[in-house]
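Those protein sequences? They're chains A and B, same order as listed. The letter at position 310 of the first sequence is residue 310 when you use UniProt numbering, and the numbering goes up by one with no holes. The letter at position 18 of the second sequence is residue 18 when you use UniProt numbering, and the numbering goes up by one with no holes.
Please keep in mind that the hints were generated in silico from the structure rather than gathered at the bench. A quick note: this is a predicted structure, and the numbers were derived from the prediction, not measured. Glycine included, C-beta positions come from ideal geometry on N, C-alpha and C. Errors might be hidden in some of the hints.
What the hints assert, rightly or not - In silico DSBU-like pairs for lysine-lysine, Cα to Cα no more than 35 Å straight-line:
#1 Lys178/B x Lys204/A
#2 Lys86/B x Lys149/B
#3 Lys329/A x Lys149/B
#4 Lys204/A x Lys206/B
#5 Lys204/A x Lys86/B
Claimed, not checked - Facing chain A, a subset of chain B residues (Cβ under 8 Å, in silico):
#6 Arg89
#7 His104
#8 Thr123
#9 Lys178
#10 Ile200
#11 Leu236
Stated by the list, open to error - To give an idea of the interface, some chain A residues facing chain B are shown, with a C-beta separation under 10 Å as derived from the structure:
#12 Ile190
#13 Phe194
#14 Phe199
#15 Lys204
#16 Asn289
#17 Ala292
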Amino acid sequence: MTDMSDTSVKSPAGQRAERSATASMTYAAFLIAGLAFLVVAPAFFYPIFLMKLLCFALFACAFNLLLGYTGLLSFGHATFFGGAAYFTAHAVKEWGFPPELGVLAGVVGAALLGLVMGYVAIRRQGIYFAMITLALSQMFFFFCLQAEFTQGEDGIQQVPRGHLFGFIDLNSSTNMYYFVLAVFVIGMVIIWRFINSPFGMILKSIRENEARAISLGYSVARYKLGAFVMSAALAGLAGGVKALVFQFATLTDVAWQMSGEVILMTLLGGIGTLIGPIFGAGLVVTLQNYLATSDFPVTIITGVVFMICVLVFRRGIVGEFYASWIGRKLGFEYRR
Amino acid sequence: MAVSATAMLEEPRVVLSARGLTKHFGAFAAVKNVDLDIHHARVHALIGPNGAGKTTVFNLLTKFLQPTAGSITLLGTDITRTAPDKVARMGLVRSFQISAVFPHLSVLDNVRVALQRPNGLSTQFWLPTSALDRLNDRADELIEAVGLKRERNALAADLSYGRKRVLEIATTLALDPKVLLLDEPMAGMGQEDIGTVSGIIREVAKTRAVLMVEHNLSVVANICHHVTVLQRGEILAEGDYAAVSQDERVRLAYMGSEEA
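The whole structure should be built from the sequences, with the hints applied where relevant.
Set out below in structure tokens:
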């Protein structure tokens, strides 16, 4: 009896295993298609635009590591993005660092800022956590406004791109593009590994049932802090590279609007999906780019888009796709 | 029955004790001046009517709540001001009244999460998840011990309530605790699971201390060596089940309704 029912009706576990097998196949297919697209993209699109897009995509994915995979809403991520831009710009321009070390300086600086901000904020939850991160990032904004090395309202201008590893000239926009693409891919691999690691498993269990995780002996605050620092470091990676792409670092990147923008990108793309924020960032950056030349105010459009998103497709673009009929056929699963 | 079970066990010693444990919520005293001694290799039951403060005592002992007054000692160390995760690492592990599993993890993963920390596999963010496969043997042992073998790869959320409780016990045992606190482990369980879980508790209590809150008095009569009755936050009676169940005040508190 049991044997018959086992073969004719698949158990939920069996169905899940089968679905996740299909999902990893489709994932692989999408991954190859996406990478191929990015490799040939400079032939069709303006490279600076693509580089900007990749920087923001990485920034949003780093943010999503915290919001989607740890359940912490930070309202201060501009600090890490913009802070790293300043550090990289300063290191490259004033200290004569090569670009790879300059970016590294940005990452380390952002990670340290993340350690401080995370240490203070992690003790509180929900809205209080968000408010503390916002307050600290505003403090950092005013520090950047006043500090000598950021050059106040002017920002750090004419940052040299330099030669990567001493022999790849980044002043060529093709070279620069592939450098940014490589950084982006490395960043995504780090995020993917981070989520699918023993550490990521603990993060997941904390998100699922925090009290139980504590009773199993996990010091929840430390794991959250670990995720916070990792997210800050990756946001710093994106910010540092952006400073090299545009050859300047300004107050715009540390302002609170930037923290809001990355939340918008992540929500639009789909919280808790690995690639969702890429699409969210793509949409926002594209909109900004096309509307920048028109007289129409960009903020109104992005505001409307955000409202539509919240009202109509709450799971975000990629989240809705996963949950849709086609997505489920392809073996995806969306779960919040 | 309880007496004969006691006779064959090794010499009991106090592993967890509370003195003058008190907790006020505003003007309301949920727990008043409770003294408890939990012994190694003994099953200790905490019973009492609803609102007697049993769960509060649990929360105080495991440090999920800070006592207003009193002290708690675990294995000779004062833990009155210790953080709950630290207490868990010292070997005092609890279960919850409302089933505490990780719903969107499989049964196997639920147990593996519990095994990760004691095996030093919880901070590696650079390793693939497959690094956790070396915990599978131990996890499968635990899963088999509680009779969840068939559900090994199912999501915890898809299990019945009773099976979730069984899973929770498996994850608790994964930590190999010295003192096990079970908050109503049998609540909502079918008769079959009650039998299984009673057997498991009896087995694990051979090598560790167990304190359990339980409403099912026949379970208490069967597996508990020592019973403490709480009423309105205070200890009403103490002793083995036979003695306690004969106590006039206890019968009154339970309105003389049940006798096992």
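Each hint tested on the structure:
1. Lys178/B x Lys204/A: 27 Å, holds
2. Lys86/B x Lys149/B: The given pair, whose Cα atoms are some 31 Å apart, holds under the 35 Å limit.
3. Lys329/A x Lys149/B: 30 Å, holds
4. Lys204/A x Lys206/B: At roughly 34 Å apart (the allowed maximum being 35 Å), Lys206/B and Lys204/A satisfy the hint.
5. Lys204/A x Lys86/B: 20 Å, holds
6. Arg89: 4 Å, holds
7. His104: 6 Å, holds
8. Thr123: 6 Å, holds
9. Lys178: 13 Å, violated
10. Ile200: 18 Å, violated
11. Leu236: Violated, because the Cβ-Cβ distance from Leu236/B to chain A comes to roughly 28 Å (cut-off 8 Å).
12. Ile190: Nearest chain B Cβ about 9 Å off; hint holds.
13. Phe194: 5 Å, holds
14. Phe199: Hint holds; Phe199/A Cβ to chain B Cβ min 4 Å, cut 10 Å.
15. Lys204: At about 7 Å, which falls below the 10 Å cut-off, the nearest Cβ of chain B leaves the hint on Lys204/A intact, so it holds.
16. Asn289: This interface hint is violated because 35 Å lies over the 10 Å limit.
17. Ala292: 38 Å, violated
Hint violations for this structure: numbers 9, 10, 11, 16 and 17, all remaining hints satisfied.
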